[in-house]
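FYI, the working numbering numbers position 72 of the sequence shown as 72, with every residue one higher than the one before it.
There may be inaccurate statements among the hints.
[Unchecked claim] Derived DEER-like restraints, expressed as beta-carbon distance ranges: (1) R291 to D111: 34 to 40 Å; (2) N55 to H362: 24 to 30 Å; (3) K173 to R127: 38 to 44 Å; (4) K173 to S330: 33 to 39 Å; (5) P46 to R112: 19 to 25 Å; (6) K155 to R124: 33 to 39 Å; (7) E20 to G182: 54 to 60 Å; (8) N114 to I30: 41 to 47 Å; (9) A242 to P94: 49 to 55 Å; (10) E296 to K22: 41 to 47 Å; (11) Q130 to L25: 41 to 47 Å; (12) K217 to L17: 45 to 51 Å.
[Stated by the list, open to error] Taking lysine-lysine pairs in the BS3-like style, the calculated list, with each CA pair at most 27 Å apart, reads: (13) K109 to K178; (14) K109 to K162; (15) K162 to K177; (16) K155 to K219; (17) K155 to K217; (18) K303 to K315; (19) K244 to K177; (20) K178 to K155; (21) K22 to K109; (22) K173 to K217; (23) K38 to K26; (24) K162 to K173; (25) K105 to K217; (26) K251 to K173; (27) K99 to K190; (28) K22 to K38; (29) K219 to K178; (30) K155 to K29; (31) K196 to K303; (32) K26 to K105; (33) K57 to K109; (34) K105 to K190; (35) K155 to K251; (36) K98 to K29.
If you are wondering where the hints come from, they were derived from the structure by calculation, not from laboratory data. For every residue, glycine included, the Cβ atom is placed at its ideal position computed from N, Cα and C.
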Amino acid sequence: MTDTFEQVSFEEEPVILENEVKAALKIFKIKAVQLAEKLLPAFNTPTGIPWAMVNLKSGVGRNWGWASAGSSILAEFGTLHMEFVHLSYLTGDPIYYKKVMHIRKLLQKMDRPNGLYPNYLNPRTGRWGQYHTSVGGLGDSFYEYLLKAWLMSDKTDQEARKMYDDAVEAIEKHLIKKSRGGLTFIGEWKNGHLEKKMGHLACFAGGMFALGADGSKDKAGHYLELGAEIARTCHESYDRTALKLGPESFKFDGAVEAVAVRQAEKYYILRPEVIETYWYLWRFTHDPRYRQWGWEAALAIEKYCRVSGGFSGVKDVYSSTPAHDDVQQSFFLAETLKYLYLLFSGDDLLPLDHWVFNTEAHPLPVLHLANTTLSGNPAVR
Numbered sequence: 001m002t003d004t005f006e007q008v009s010f011e012e013e014p015v016i017l018e019n020e021v022k023a024a025l026k027i028f029k030i031k032a033v034q035l036a037e038k039l040l041p042a043f044n045t046p047t048g049i050p051w052a053m054v055n056l057k058s059g060v061g062r063n064w065g066w067a068s069a070g071s072s073i074l075a076e077f078g079t080l081h082m083e084f085v086h087l088s089y090l091t092g093d094p095i096y097y098k099k100v101m102h103i104r105k106l107l108q109k110m111d112r113p114n115g116l117y118p119n120y121l122n123p124r125t126g127r128w129g130q131y132h133t134s135v136g137g138l139g140d141s142f143y144e145y146l147l148k149a150w151l152m153s154d155k156t157d158q159e160a161r162k163m164y165d166d167a168v169e170a171i172e173k174h175l176i177k178k179s180r181g182g183l184t185f186i187g188e189w190k191n192g193h194l195e196k197k198m199g200h201l202a203c204f205a206g207g208m209f210a211l212g213a214d215g216s217k218d219k220a221g222h223y224l225e226l227g228a229e230i231a232r233t234c235h236e237s238y239d240r241t242a243l244k245l246g247p248e249s250f251k252f253d254g255a256v257e258a259v260a261v262r263q264a265e266k267y268y269i270l271r272p273e274v275i276e277t278y279w280y281l282w283r284f285t286h287d288p289r290y291r292q293w294g295w296e297a298a299l300a301i302e303k304y305c306r307v308s309g310g311f312s313g314v315k316d317v318y319s320s321t322p323a324h325d326d327v328q329q330s331f332f333l334a335e336t337l338k339y340l341y342l343l344f345s346g347d348d349l350l351p352l353d354h355w356v357f358n359t360e361a362h363p364l365p366v367l368h369l370a371n372t373t374l375s376g377n378p379a380v381r
């Protein structure tokens, strides 16, 4: 600080700090708009379903070749709603809101096999790609954002809530099963049959079911219990390893339950989804088991993942002497550690009736949209 700033009286200092905060927030809003404007060309497709990637200089978009003949991915184009709606709220410019609402309207009109959303959608034809449905990778955050769009709107976006409820009903009917050993798991629908494998990424769903219990009418208790069952299954996937850290995915096939079979699925890359579910279940039940399970995971991360330069993923959670992958994923700081911190904090820190976490655990405020003049807002219409 300069001498001039140090000499400011205590009465004047808060005013200066407040002005500095306002200036910083203004800069961040400008940068957010600049980035969003660079992303908008990705929506320039025949259907309005955005490309997975866009060249920020030329505005030319494209998709991954491996994604069902160049399709867009459900968990990517379906995970823009919160951020784009919030940006329209901050700027008063409805363009961002309209882009994501167009995606929703298109999905509502489409036929869905068994009521399930496939993971791939062709942005040129508007047709589904391969009929592969997953609540884990490729699909996960789409379902999360349907629920959170409702929560973020202060529970006024009934359209989003109905889409969430309908999706969860289909998921429960076709994907959620109980193993011989009594573990509830979420499989994947592939090529017309259920694959009895659950990914670490799908473990977030325990928290999602708990978060969505309120508002599910007469099934609140059922969905809270379902969330608890998923949390237990994911904890078992951790507890059945040498390191007490969970594998990337785990099978439920005959005598094998909650255990990875293929070597390529035995790694742990500091993922947050299990901790995330523990936190939500703790917030809604205050059952001490969730803090106990979270602490077990924290100790295991400290023991096996800490390296001289930070933290690293491990290549085999079933080996007592694991090799590191030498990568500290960005979501480790943004999500894993944040959810651990919140798990052992009071409920008054980021209370869930005021804040909604996006899929990377960044808190966004509940928006009282009825009090805005945002063009296209259903509360205003």
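Now the hints, each set against the structure:
1. R291 to D111: 34 to 40 Å: The hint (34 to 40 Å, Cβ to Cβ) is violated, given that R291 and D111 are roughly 44 Å apart.
2. N55 to H362: 24 to 30 Å: holds (25 Å)
3. K173 to R127: 38 to 44 Å: With Cβ atoms ~24 Å apart, the hint is violated.
4. K173 to S330: 33 to 39 Å: holds (36 Å)
5. P46 to R112: 19 to 25 Å: Between P46 and R112, where Cβ atoms are some 21 Å apart, the hint holds.
6. K155 to R124: 33 to 39 Å: For R124 against K155, whose Cβ atoms are near 36 Å apart, the range 33 to 39 Å holds.
7. E20 to G182: 54 to 60 Å: holds (56 Å)
8. N114 to I30: 41 to 47 Å: holds (46 Å)
9. A242 to P94: 49 to 55 Å: holds (53 Å)
10. E296 to K22: 41 to 47 Å: holds (43 Å)
11. Q130 to L25: 41 to 47 Å: At 43 Å between Cβs, range holds.
12. K217 to L17: 45 to 51 Å: holds (46 Å)
13. K109 to K178: violated (32 Å)
14. K109 to K162: holds (14 Å)
15. K162 to K177: Within the cut-off at roughly 23 Å; holds.
16. K155 to K219: It holds: about 17 Å lies between the C-alpha atoms, which stays within 27 Å.
17. K155 to K217: holds (13 Å)
18. K303 to K315: holds (15 Å)
19. K244 to K177: Status holds; Cα separation ~24 Å.
20. K178 to K155: Roughly 32 Å separates the two Cα atoms, so the pair is violated.
21. K22 to K109: violated (43 Å)
22. K173 to K217: Given pair K173, K217 holds - Cα atoms ~18 Å apart, limit 27 Å.
23. K38 to K26: OK: K38 and K26 at ~19 Å, within 27 Å.
24. K162 to K173: holds (17 Å)
25. K105 to K217: holds (25 Å)
26. K251 to K173: holds (19 Å)
27. K99 to K190: Answer violated: K99 to K190 is near 30 Å, above 27 Å.
28. K22 to K38: holds (25 Å)
29. K219 to K178: holds (19 Å)
30. K155 to K29: Holds, because 25 Å separates the two Cα atoms, which is no more than 27 Å.
31. K196 to K303: Answer violated: K196 to K303 is near 31 Å, above 27 Å.
32. K26 to K105: Measuring from Cα to Cα gives roughly 32 Å; hence the hint is violated.
33. K57 to K109: violated (34 Å)
34. K105 to K190: Roughly 26 Å separates the two Cα atoms, so the pair holds.
35. K155 to K251: violated (37 Å)
36. K98 to K29: holds (19 Å)
Of the hints listed earlier, those the structure fails to meet are numbers 1, 3, 13, 20, 21, 27, 31, 32, 33, 35, in rising order.
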